[in-house]
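J.: If you want the building blocks of each chain, they are given just below.
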Amino acid sequence: MSQQDAVHLEIEELDALRAEIERRTAAEAPRWNADPEDVQRSVARLLLAITEFLRKLMEKQAIRRMEAGTLTDEEVEKLGLALMRLEETLHEIAARFGLAPEDLNLDLGPLGRLI
Amino acid sequence: MSEASRGNGVDILETSDLSLLDTVDNLLNKGVVLTGEVVIGLAGIDLIYLQLSAVLGAADRILPKKPTEPAA
Amino acid sequence: MTEILYLYAVAFADVELAGPLGTGIGDEPLVLVPAGGLAAVAGSLSAAPSPDAETLKRQDAVVRRLAGLFTALLPVRFGETAADNATLISRLAPREKELTAALQLVRGCVQMTLRVFGEPDPAPEPAPSKAGGPGARYLETRRQEQEALRSLPEIGALSTILRPLLRAERIERRGDGPLLGTAYHLVPREGTAAYLAAVEEARNRIGGRRIAATGPWPPYAFAPEGVS
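Residue numbers (numbering that gives the first Met the number 0), protein chains in the order written: chain A, 0 to 114; chain B, 0 to 71; chain C, 0 to 227.
Please keep in mind that the hints were generated in silico from the structure rather than gathered at the bench.
One thing to keep in mind: the hints can contain errors.
Capping the alpha-carbon separation at 30 Å, the derived lysine-lysine pairs in DSS-like fashion look like this [what the hints assert, rightly or not]:
{"id": "1", "chain 1": "A", "residue 1": "K59", "chain 2": "C", "residue 2": "K96"}
{"id": "2", "chain 1": "C", "residue 1": "K129", "chain 2": "A", "residue 2": "K59"}
{"id": "3", "chain 1": "A", "residue 1": "K77", "chain 2": "A", "residue 2": "K59"}
{"id": "4", "chain 1": "C", "residue 1": "K96", "chain 2": "A", "residue 2": "K55"}
{"id": "5", "chain 1": "A", "residue 1": "K55", "chain 2": "A", "residue 2": "K77"}
{"id": "6", "chain 1": "A", "residue 1": "K55", "chain 2": "C", "residue 2": "K129"}
{"id": "7", "chain 1": "A", "residue 1": "K77", "chain 2": "C", "residue 2": "K129"}
Kindly generate the complete structure, drawing on both the sequences and the hints.
T.: Spelled out as C-alpha cells, the structure:
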C-alpha cells in the first residue's frame with residue numbers, strides 16, 4: 000500500500016489537527032492522585048467523576064436502545080427522567096464542593112475516550 | 000488535584016508531517032482496546048491499579064433475556 | 000525477566016494465511032493466539048514499548064503487512080499488552096460477537112482518512128420535540144447532540160459523490176475551525192483510486208473548505224468501540 004497526501008496544509012490547520020489528536024490521545028496509564036492538601040474535595044471529585052462517567056455510559060446505552068427500538072415509550076420516559084435527575088444531582092453535589100461540571104470529566108484514558 | 004499525566008505521545012506531535020500525525024491518530028486513538036486502566040494514588044505514591052478491561056459491556060448483549068414482567 | 004504478550008491485531012481464527020506471520024516491532028516472532036472464533040496476533044516482549052515516532056511507524060508497518068496476510072483484520076491500539084495467553088483470551092472472549100461483526104465489516108477494505116478544515120455551517124434549529132414526557136424529550140435532545148457530533152453536513156456535496164464508494168464511514172466532528180472534523184472512510188481495497196478521484200472532483204464544491212486525504216491505512220478507525 001502506498002500513501003498519498005492530497006494537499007499541503009496551512010500552519011494553523013496543522014496546529015488545529017495536532018491539537019485535536021493530542022486532545023483525544025489517551026495517557027499511557029492515566030494517573031489520578033488525591034491532593035493531600037484537600038483530600039476530601041479530591042476524593043469527592045473522583046467519586047463524582049466516576050459516577051458521571053457511568054451516567055454518560057448509561058445515557059449512551061439508553062440512546063442506542065432507543066434508536067434500535069428495543070425500549071417501550073414508558074421505558075424511554077423513565078430512563079430519560081432518571082438520567083436527567085442524576086445529572087442535576089451530580090452537578091448540585093459538585094457545586095457544593097466548588098466543582099464545575101467540567102471538573103467531573105476525569106481523564107480515564109482509553110476508557111474515558113470511548114464515551 | 001494533579002491532572003492525569005499525558006503519555007509520551009505529546010513529543011511526536013511536534014511534526015508537520017501529516018502522515019505521521021495520522022499514524023499517531025490511528026495507533027494511539029483508534030484500534031481495538033482490550034484494557035482500560037487507571038492508577039490511583041495519594042501524595043504522589045501509586046496505590047491502586049484499576050483494570051477495567053472487558054468488565055463494561057452492554058447489558059442487553061451480554062445478559063440472558065429476562066421474561067417480561069406482567070403489568071403491575 | 001518475565002515477558003509480556005504484545006498485541007498487534009485481531010482476526011478470525013479459522014483462516015488460511017497468505018504467508019508467514021513474520022516478526023513484530025521488537026523483531027520478535029509473531030504468533031496467533033486463538034480465542035473462540037477469533038485469534039489475536041501477538042509477540043513476546045520484555046516490556047510495553049514507548050510511543051515514539053519510529054516505534055509507531057514500525058507498528059503500522061507490521062499491521063500493514065499483517066493486513067496483507069488476512070482477508071479481515073482489526074488493528075489493536077498501540078500499547079495493548081496481556082500477561083499471558085489466558086489473560087488475553089479472557090479479554091477477547093466476552094467481545095467475540097462485536098469483534099466478529101467488525102471483522103466482517105472491514106473484510107477486504109482499507110481506511111482512507113479525510114480531514115476537513117474551515118468554518119462550520121450555522122447550527123441547525125433543534126428538531127421540534129415529538130409528543131412525550133420530559134424524560135423522552137431529554138433523551139431525544141441528547142440523541143440529536145450525539146448525532147451532530149457524528150456528521151459533517153458541510154461536505155455534503157463530497158459525501159454524495161463518495162457514498163457509493165464506501166462500505167462504512169465514521170465521523171468525528173470538532174465543530175469549530177480550523178479543523179472542522181475528520182471522516183474515516185472504509186473503502187474496498189480496489190476502490191482507493193476512485194475514492195481519491197472523487198475527492199479531487201468535489202474539492203471545490205464544499206463552500207471554500209479545504210480537505211486533506213491520507214491513506215490507504217489498515218482499518219484502525221473501524222474497531223468496535225471499547226464499551227458497546
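J.: Now tell me if each hint is right for this structure.
T.: Here is how each hint holds up against the structure:
no.: 1; hint: K59/A x K96/C; verdict: 19 Å, holds
no.: 2; hint: K129/C x K59/A; verdict: 20 Å, holds
no.: 3; hint: K77/A x K59/A; verdict: 15 Å, holds
no.: 4; hint: K96/C x K55/A; verdict: 23 Å, holds
no.: 5; hint: K55/A x K77/A; verdict: 16 Å, holds
no.: 6; hint: K55/A x K129/C; verdict: 23 Å, holds
no.: 7; hint: K77/A x K129/C; verdict: 16 Å, holds
In terms of the numbered hints stated before, the structure departs from none.
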